[in-house]
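Could you fit the two chains together into a complex? Lean on the hints.
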Amino acid sequence: MPTWEKVVVIGYGNTLRRDDGAGQKVAEAVAARGWENVLSLAVHQLTPELAAEIATADKAIFADASPDAKTVEVREIADNFRENLPFSPHTSDPKGLLSLTKLLYDKNPKAWWVLIPALDFEFGEELSPVTVTGIIDAVAKIEQLIIA
Amino acid sequence: MAKTVVIDPVTRIEGHAKISIYLDDAGEVSDAQFHVVEYRGFEKFCEGRPMWEMAGITARICGICPVSHLLASAKTGDKIQAVQVPIAGEKLRRMMNLAQFTQSHALSFFHLSSPDFLLGWDSDPATRNVFGLMAADPDLARAGIRLRQFGQTVIELLGARKIHAAWAVPGGVRSPLSEEGRTWIRERLPESRATLDIAMNLFKRFLDEFGAEAEVFGTFPSLFMGLVGKNGEWEHYGGHIRFTDSNGNIVADGLSEDNYRDYLGEAVEPWSYLKFPYYKPMGYPDGIYRVGPLARVNICSHFGTPDADKELREFRDRVGGVATSSFMYHYARLLEILACLEKIEELVNDPDITSKRCRAEAGINNLEGVGVSEAPRGTLFHHYQVDENGILKKVNLIIATGQNNLGMNKTVTQIAKHYIHSNEIPEGMLNRVEAGIRCYDPCLSCSTHAAGQMPLHVQLVAGDGTVVDEVYRD
Chain G
1 MPTWEKVVVI GYGNTLRRDD GAGQKVAEAV AARGWENVLS LAVHQLTPEL AAEIATADKA
61 IFADASPDAK TVEVREIADN FRENLPFSPH TSDPKGLLSL TKLLYDKNPK AWWVLIPALD
121 FEFGEELSPV TVTGIIDAVA KIEQLIIA
Chain X
1 MAKTVVIDPV TRIEGHAKIS IYLDDAGEVS DAQFHVVEYR GFEKFCEGRP MWEMAGITAR
61 ICGICPVSHL LASAKTGDKI QAVQVPIAGE KLRRMMNLAQ FTQSHALSFF HLSSPDFLLG
121 WDSDPATRNV FGLMAADPDL ARAGIRLRQF GQTVIELLGA RKIHAAWAVP GGVRSPLSEE
181 GRTWIRERLP ESRATLDIAM NLFKRFLDEF GAEAEVFGTF PSLFMGLVGK NGEWEHYGGH
241 IRFTDSNGNI VADGLSEDNY RDYLGEAVEP WSYLKFPYYK PMGYPDGIYR VGPLARVNIC
301 SHFGTPDADK ELREFRDRVG GVATSSFMYH YARLLEILAC LEKIEELVND PDITSKRCRA
361 EAGINNLEGV GVSEAPRGTL FHHYQVDENG ILKKVNLIIA TGQNNLGMNK TVTQIAKHYI
421 HSNEIPEGML NRVEAGIRCY DPCLSCSTHA AGQMPLHVQL VAGDGTVVDE VYRD
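Protein sequences appear in the order of chains G and X. Numbering of the first sequence is given in this note's numbering, commencing with residue 1 and proceeding in unit increments. Numbering of the second sequence is given in this note's numbering, commencing with residue 1 and proceeding in unit increments.
Just so you know, these hints were derived from the structure itself, not from any lab. Any given hint could turn out to be false.
[As the list claims (entries may be wrong)] Now the in silico label distances, taken between C-beta atoms and shown as ranges: (1) G:E122 - X:D25: 39 to 45 Å; (2) G:E122 - X:E388: 29 to 35 Å; (3) G:A148 - X:I87: 28 to 34 Å; (4) G:A31 - X:M282: 47 to 53 Å; (5) X:E361 - G:E126: 28 to 34 Å; (6) X:G283 - G:T56: 53 to 59 Å; (7) X:E314 - G:A148: 54 to 60 Å; (8) X:R186 - G:I136: 43 to 49 Å; (9) G:T56 - X:S256: 45 to 51 Å; (10) X:N396 - G:I136: 35 to 41 Å; (11) G:T56 - X:D197: 23 to 29 Å.
Here a beta-carbon is modelled for each residue, glycine too, at the ideal position from N, C-alpha and C.
Same shape as in the complex, but just chain X (with noise of 0.2 Å):
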């Protein structure tokens, strides 16, 4: 008799998401499905606002990446008025962007998946968690706070405030750093630094001792897509469109996002509100991507500075080259951020960071553009299309999350495929099987906070709908 588990809510990502895995007539895995079940309505609610509202709208879709959107948005509007953002303008934004990797980064890898590495797989799910891990260990959980607060607080020195800051605006920004500001971002560095050290040397130990196990955690070959630079260096804001495969040969390159559409295609799933985007001309479902710092780490060939290009080395030394587990994920965002700390530190060392010539100023000279900006999570397109008043006639967002989909839900099923064999599930299971959608650090905020707050509640459902066995997780 076919089964179902439901895994309903999971914990600790960003979003309420359900997981459908399903059994067949021996016990065994047949296929697994990672549900979104929030509605994202916002590019409907867009349609019919200022084009220049959209920075400050769209940043408040989350509280957790709310630069992402600032700059995709910013960068869509300075194609609608068709202007060259001022070099001071262009650093500004990206100081803010490698702020917001960092602070998003520790978030996802101190408080959200550490508790995995530090406490294990399985371990008590009720104590694995941010509270087990300061009790494990409360001087990381601290640095780890600090981390965070870092990179919010330079965006807050640039934006004046830590999230949904409208200061990123189509032309550039709206104000330079200040004198004080430089000061405090230089005094703040080492410390920085000195964390991200400690986390690296962390995640090193637990992939000696766990790197064999973490090979479940979603190895599967698939495509890699992001921005690289000119040079195909490591790119957050600029230069242009990379495939890559798992062997590390390029796909395509040099791909422009203003047409996104020739290479990129959506499909719709019935299960899903998520779409499933997929490289185009390998059509769906072959067509996978992976994007994200994964991704990220994957297409470029160096980081551009020297600490950064240092562990980079030593990562693809450990992976083989190309890494095709999304359970480096991990220590993607750990290179990440150390790439981000070093580029912050050259950039707020440039005398054009103060420089008040930062934006430049237009009516509307297009009525359309597409604007592409690298989100912590991956890349992420804003695409307008206005009329001659600047009014939004149609908006179209392309998430990051939603291009990790397909390769969510395979992550999923190969970690049910190997964990699960009989009617029987064990606790184990369902910890590394949340711990896989971790990887990706899925953002499916839209969601109201205050409604809808479940336990963890999985089912076992009969092929002919009886729910067999329940479990429930407070």
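Okay, chain G solo, but in the shape it has when bound (with noise of 0.2 Å):
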């Protein structure tokens, strides 16, 4: 038995535009830990009917690409939700998606965003050298919110 509760990775973004494409890297490198309880979903969007995963779940861990942020920053998402936000596959971010989960089931599992330093976001698979790093650096802070 898994000593953790149940547990949502969503890594997304677009992985034919270079470091955007990190946070389904760091889910897919979740994905092969293959930890007991943890469903880990590479996408390439925030779509609606991930609400329904999330409704499952007791924590739910984002993973994204993020041209701000310089090193690996957990962001835990503790006010997640809002009604007034428009919602878009392209436009939605994990508050948006958390919002639908409350509204549609009325589940509000605790919440993280982890943002891995990205810089570019051209045509192409190659990943910096920053976002390689980070990555690494992503799953391994995943996986202490997992087992906290």
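In structure tokens:
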């Protein structure tokens, strides 16, 4: 039996836009660990049906590329509900998805946003060195969140 | 003093776009332009890659309709390898495309557009979104999610992943449907049908109430293009290209994708990165045509499934034969979901669907190939040129959203002309312009999601470039 609660990890981004794919890389690395009770999803965009997966979890962890982050940042999403945010797969963020989860399924898991440094968003699949390092660091930090 | 109204970006469509509305000295709308400011660099990006990678690469262009590129790419590969796909392979590809239509149309209807129907175009834009929809009808919102999940899961059962499944390959598909998958689909079909029935009734009620206003949403004569089967029936994967006009007359039929350059021209405008395809024999811009659900429903003789055909007859009774209002894209989307669910039900009971003889293998036998498939948003062409080793030398993709570019511009212009008669910009007009664009469910994906997010920005610019008024929508 795992010692941790059920966790959903969602890494998102465009893997054809270089560093923008960092979130998906993180999610794939977490899935490869095979941790019990952890569902790790690599997705292109945050779409509404992900709310149904989040509703089954005690913890939700989002991994995303960030042009503003200098190092891997872990932000707790404490106030994760707002009802006046336009929802679009291209403009949604974890708060929007968590709001959907609360409204539709009355579930409010603990949530974090893990931001990976990203520099290059041009067409391609290669990652910047800082993003490669950030992915490794992000997976380690996500492991800490899972077992905490 | 001439003025320009800029709406940037349009919310709840895939990608980013901007709309400029030009006013003349009398404050009347003279023209409108739907700009696409993201550059699609995928064609160049793909050159130099092995042809076999194209299915997987192009499927990653967008997270909403990856299967469309997957199938168009696989069909292009079929041509280059000069193979005949086994019957099981074709049926499995068809099933995945039907599931793709279902999930994509469900997202468009339930989560992007139904707030307009349920909450009204004059409602506060801060709540005229999926959150407002949930507050108004949470059961419908959950059912919409379940319907989209159904389509996504069928794709996953076939391709092992919900999106970006490099499962359809030149020559067929990698694997058949499992018996467990067949059972799951059978069990979930009735619920999906029930959800569709609710949505259909909801939309018809809306149409009864607001149908007259919907006439402003892009009602104009144009050609319609899409695939039809050998008997003129609705088609999404095979068949041939047909053009019809606004009176339902067949303009051209039996066209092959191989010769698309003979009948499709691609114009370029300096204010948009998106090309402007047109029907070549009629020239640009007179050769305007629309693709997607509305076009497919207009050009076909019938669906070939009982319930969808019954609904198609009612649809044609309501619109008077041929639907020329782009607002009817929504209605057509629901008809197509119904047809897809019926056809999935047929296929799931077909013994071929679990056959392991689903792929033909071959090398490079042609140095050029064109593949075509219907994407949820319209007809999608892939055209590759390769060398003897299958390395891509040239790639051309003609996407559905591009083919509706002229139609979207015409729709925006019509809506703006109807609602703007002074320097005042009524909030309801902005809602309607956005809703007009959403009729086409355009996909402008290729943008990064991490950068470039902006609030809605409406700008009034005088002829001399002076900003005389601005409105922001957070």
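Hints, one by one, checked against the model:
no. : hint                        : verdict
1   : G:E122 - X:D25: 39 to 45 Å  : holds (43 Å)
2   : G:E122 - X:E388: 29 to 35 Å : holds (31 Å)
3   : G:A148 - X:I87: 28 to 34 Å  : violated (54 Å)
4   : G:A31 - X:M282: 47 to 53 Å  : holds (52 Å)
5   : X:E361 - G:E126: 28 to 34 Å : holds (31 Å)
6   : X:G283 - G:T56: 53 to 59 Å  : holds (56 Å)
7   : X:E314 - G:A148: 54 to 60 Å : holds (57 Å)
8   : X:R186 - G:I136: 43 to 49 Å : holds (44 Å)
9   : G:T56 - X:S256: 45 to 51 Å  : holds (49 Å)
10  : X:N396 - G:I136: 35 to 41 Å : holds (39 Å)
11  : G:T56 - X:D197: 23 to 29 Å  : holds (28 Å)
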